[in-house]
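Please model the complete structure; the sequences and the hints are all you need to start from.
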Amino acid sequence: MPRNWPIPLVLLGLLLVFPPIASATGLEFYTGLVTKIMIFALAASSLNLILGYGGMVSFGHAAYFGVGAYAAAILAREGVSSAWVIWPVAMVLSGLLAFLIGAICLRTRGVYFIMITLAFAQMIYFLVVSFKQYGGEDGLRARRPDFGLFELSDTTLYYLTLAVLTAVLYALYRLVNSRFGRVLQAIRENESRAATIGYPVYQFQLAAFVIAGVLAGLAGVLMAHYTQYASPNLLAWQQSGHLMMMVILGGVGQFWGGVLGAATLLIVEEILQDLTIYWQLGVGLILLLIVLFAPMGIAGLFGRRAR
Amino acid sequence: MLNGVQFGLMLFLLAAGLTLVFGIMDMINLAHGSLYMIGAYLTATFVGITGVFWLGVLLAVVGTALIGMLLEFSILRQLYRRDHLSQVLATFALILIINEVVRIIWGSQPLLLSAPEGLSGPIEILPGLNYSAFRLTIIGVGLVVAMGLFLLVNNTRVGMWLRAGASNREMAQAMGVPIKPLFTLLFGVGAALCAIAGAFLGPILAVQVGMGESILILAFVVIVIGGIGSVKGALVGALLVGIVDTAGRAFLPLLLSQVASPEVASNLGPALASILIYLLMAVVLFFKPQGLFPART
Amino acid sequence: MKRILWLMVLLGLAGFSLSLAQPRTVKIGFVSTLSGGGAALGIDARDGFNLAVRLLNNQLGGLPVEVIVADDQQNPDVARQAVDRMLKRERVDFMTGIIFSNILLAVGDAIFEEKIHYISLNAGPSEYAGERCNPYFFNVAWQNDNLHEAMGQYVNTRRFENVFILAPNYPAGRDALTGFKRFYKGKIAAEVYNRLNQLDFSAEIAQIRAAKPKAVYTFQPGAMGVNFIKQYAEAGLLREIPLFLPGFSADADVIRAVGRPMVGIYNSSHWALELNNPVNQRFVEEFRKAYNRTPTLYASQGYDAALMLDAAIRAVGGDVSRKDDLRKAFLAGFNSTRGPLKFNPNGYPIQNYYLRQVVQAPNGEIINRLAGNIFSNHSDAYVSQCKLK
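Protein chains in written order, with UniProt numbering: chain C, 1 to 307; chain Y, 1 to 297; chain F, 1 to 389.
There could be a bad hint or two in this list.
Unchecked claim - Pairwise CB distance ranges (calculated):
| hint | chain 1 | residue 1 | chain 2 | residue 2 | range |
| --- | --- | --- | --- | --- | --- |
| 1 | F | Glu286 | C | Ile271 | 47 to 55 Å |
| 2 | C | Trp84 | F | Arg256 | 53 to 61 Å |
| 3 | F | Pro362 | C | Gln273 | 48 to 56 Å |
| 4 | F | Glu240 | C | Asp154 | 54 to 62 Å |
| 5 | Y | Phe73 | C | Tyr199 | 43 to 51 Å |
| 6 | C | Thr166 | Y | His84 | 31 to 39 Å |
| 7 | F | Arg256 | C | Gln273 | 46 to 54 Å |
| 8 | C | Ile271 | F | Lys342 | 41 to 49 Å |
| 9 | C | Ser153 | F | Ala290 | 44 to 52 Å |
| 10 | Y | Leu151 | F | Arg256 | 37 to 45 Å |
| 11 | Y | Ile105 | C | Ala167 | 44 to 52 Å |
| 12 | C | Leu16 | Y | Tyr80 | 41 to 49 Å |
To be verified - Derived pair list, reagent style SDA-like, types lysine to any residue, alpha-carbon separation capped at 25 Å:
| hint | chain 1 | residue 1 | chain 2 | residue 2 |
| --- | --- | --- | --- | --- |
| 13 | F | Lys214 | Y | Lys288 |
| 14 | Y | Lys288 | C | Arg109 |
| 15 | Y | Lys232 | C | Gly110 |
| 16 | F | Lys27 | C | Tyr278 |
No lab work stands behind these hints: they were computed from the structure. Glycine included, every Cβ here is placed at the ideal spot set by N, Cα and C.
What follows is the structure, given as structure tokens:
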């Protein structure tokens, strides 16, 4: 960050003044879109921590995202209205889930790790879908909770998401540059060497896995607040793929990869959706071109130019 | 039970191509399901044009194989040396592209593909037990193709190259196996198998955009259970998954309805059946991390 | 100072004359299932709606109309995003189009909270008919239970014992079997729910075979119905155990796909091709001319939704901000393809339900023929729980 530090600050400033400008020009719709982008940026950044820095290709990240959303929705349905209860419970739940799944999956490697994380995510998906009293395949309506300090409108949710995203990114930045982050990357580069030096590889990986799970759960809670709805689609494997796409698009293991990827993908989708009903064709073509010609993702493109 | 075998055999056709591509080329191809979809659409189209089911299927199989080889030649070939992540993203992009192209060509309404006239009725396989003639045909076709594939892999020179490639690619290349054309051919075979599955599942399910994705995940489960790169593993895995899935769907709701209301039973039943498949995979991986029949040593 | 005042008056006049010359357009958000297994339903409803708008010279109630169509892909999530777009970005005046009840239930509250009238042209969940009825909700077609109640009544009068009933596990599927059981008093062989969008019914057909019922009643919307009937026939059961269907699963779209095996099947409907009234005759004739196919009940419902909007907007003199008056106008009813149609306070219609039979016409075409009347001026079972007036 030392050389590029003004960019995030400028971006933060722009984001701070965005909602009043948008509502003054009658474009409130886009406040919602930016909220959604920030939520996905959070989720993608959490995936980037394990995928990019930890080298753990989890194909089941949607599970924690969805469980966070469902925890918020189910608690709201059961009459818990305080966000001060909902948030911690949802985060602890998704963290716990990440701990259980991670503890089992991290014993496997490579393709098998990909498949077994997918398998667990699918189990969670079908489990949630089977609970008809919580909406089943139709999803569950989730009333916005009570924060006590302010009412959660579209605008306050925007600022809340912005604050959470800023805080999390700052924490992640500190984390990946800490001893923990460096060990994690060392494990990614050469696992057996890290083990020989004496680092407990498994514990480090599991810790990162749980942190990522908690953050994805947090993003899920915000998502439930945003759409006021928890959908099983949040848990589906396509959602895991979507998140993975964002990370790869933005740049695997690049600090801003998750944010850049989420913003690019969602904005491109939005623009193409306006232009044509065959918008997925455009998304597909862009993705394909990026893989073939910009293997380091968008952040990689910037990085190369800066060098 | 027969339904499970029938579904399992069709899964096998998909998984066989996938496992060979995965095992030999070390390439995760998510777009494999799209070839299955293309196969089904081409079958529906050709059957419509020619009016003869079997001719339509034949044309569709050839067409899909050509499309598959074209894909390999133009795009996928670039991805062999890249990491799995890039392959996942690129082939995911291909899914999106192919889905939309199919939607542009054929529209977003599902196509209707009917079983051939002579096979649309029931057949009495045991006294008092009727079974759909078409599903019986599917089982037959699946068995014949599976046997053909085994003969190809175990008893021909191409098969030997394939097995060599699956167990050690560098060595095989060094021994003079023509890798590039072999890969293209292999991809064509995989695509043809997809097309057969698509052609025969089309009349039972519906020919629609997105039909490839749901079955793709199952095919991946199959090859992971069976062991990546092993055709025998794919067959065993496919039959296991097919039977567990169908039996779970048929009997779990019945079992549950003994203890709960029909609504609850029908909620939990299919969900449990779906979970069962993944549980099966997790258990297999736990005890045999390389799958049941590991191809690579 | 004076000059500025004059300028303002002039500008005001100019604005006024502009608004006179260009009456405001009324925007309709049409979110429907236009791809996937349920696409045939959404496409028919949309075509029926568009046909009515075209025949009304692209006006509703005298106002020029803009219909914004979006595909929900039969996915609650996609539907929510589409509805959000309609409400917040397009700022539509009315919404309609949703086919599936689960989709409607996922987005309904968001629409009602914006105080936008939703005219359902298909989905009629019981949830919106009773206690949770809403002043902004109307259904031009039926309450989900109704057609199944009619078939339950018919199967009951035919004195079939031991009926196997099957429906997909989603709101309309549960409503369907509830409705059937409300009027069918005999023994139920088994009550089974399958997955929504399931296409392979081999497990259910095996269950039917094992249960040995005297008759089967099933509700399967869209492609599911096509597949079920095809597979039921392929398994040889159609000849052994009679199959009864609601009109949804035995209309022109299903008949086109399944063909000959359909002949002879009885089904229930609130609408039929040969209903003898001028609105219907014009609809059937114009629909065949415009789209070159036989209209389904979904098409008639789409057509009626446009007529209902037309009548109500006309009644409030084009001022669509008068929400209470709009509601009164909707309740007062209009002249539909089923004749004059009136509504209960919960927004659901009071109408007749007919028995139809699939037959082969002399010209070889397989169509539905009216075969009798099951209910006259029938209301839904939940209206008494609705506190609205």
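Pairwise hint evaluation, Lys288 (chain Y) against Lys214 (chain F), where the allowed Cα distance is 25 Å at most
Roughly 50 Å separates the two Cα atoms, so the pair is violated.
Assuming the hint says 54 to 62 Å, is it satisfied by the Cβ distance from Glu240 (chain F) to Asp154 (chain C) or not?
Holds, since Glu240 (chain F) and Asp154 (chain C) (Cβ atoms, about 59 Å apart) stay within the stated range.
Assessment of proposed distance window 37 to 45 Å (beta carbons of Leu151 (chain Y), Arg256 (chain F))
Check passed, 43 Å falls within 37 to 45 Å.
For Pro362 (chain F) and Gln273 (chain C), compare the CB-CB distance with the range 48 to 56 Å and indicate the outcome.
holds (49 Å)
Check whether the Cα positions of Lys288 (chain Y) and Arg109 (chain C) lie no farther apart than 25 Å.
holds (13 Å)
Hint says 46 to 54 Å; check whether the CB-CB distance for Arg256 (chain F) and Gln273 (chain C) agrees.
Given about 32 Å between the Cβ atoms, the range is violated.
Given the hint that Lys27 (chain F) pairs with Tyr278 (chain C), does the C-alpha gap stay at or below 25 Å?
The given pair, whose Cα atoms are some 24 Å apart, holds under the 25 Å limit.
I want to verify a distance hint. Is the separation of the beta carbons of Ser153 (chain C) and Ala290 (chain F) within 44 to 52 Å?
Given a distance of about 46 Å, which is inside 44 to 52 Å, the answer is holds.
Look at the Cβ atoms of Ile271 (chain C) and Lys342 (chain F) and judge whether their distance stays inside 41 to 49 Å.
holds (47 Å)
Regarding Phe73 (chain Y) and Tyr199 (chain C), is the given constraint of 43 to 51 Å on their beta-carbon distance met?
holds (45 Å)
Distance restraint hint 53 to 61 Å, applied to the beta-carbon atoms of Trp84 (chain C) and Arg256 (chain F):
With Cβ atoms ~58 Å apart, the hint holds.
C-beta pair Leu16 (chain C), Tyr80 (chain Y): status relative to the range 41 to 49 Å that was hinted
holds (47 Å)
Consistency with the previously given hints fails for numbers 1, 7, 13, ordered from lowest to highest.
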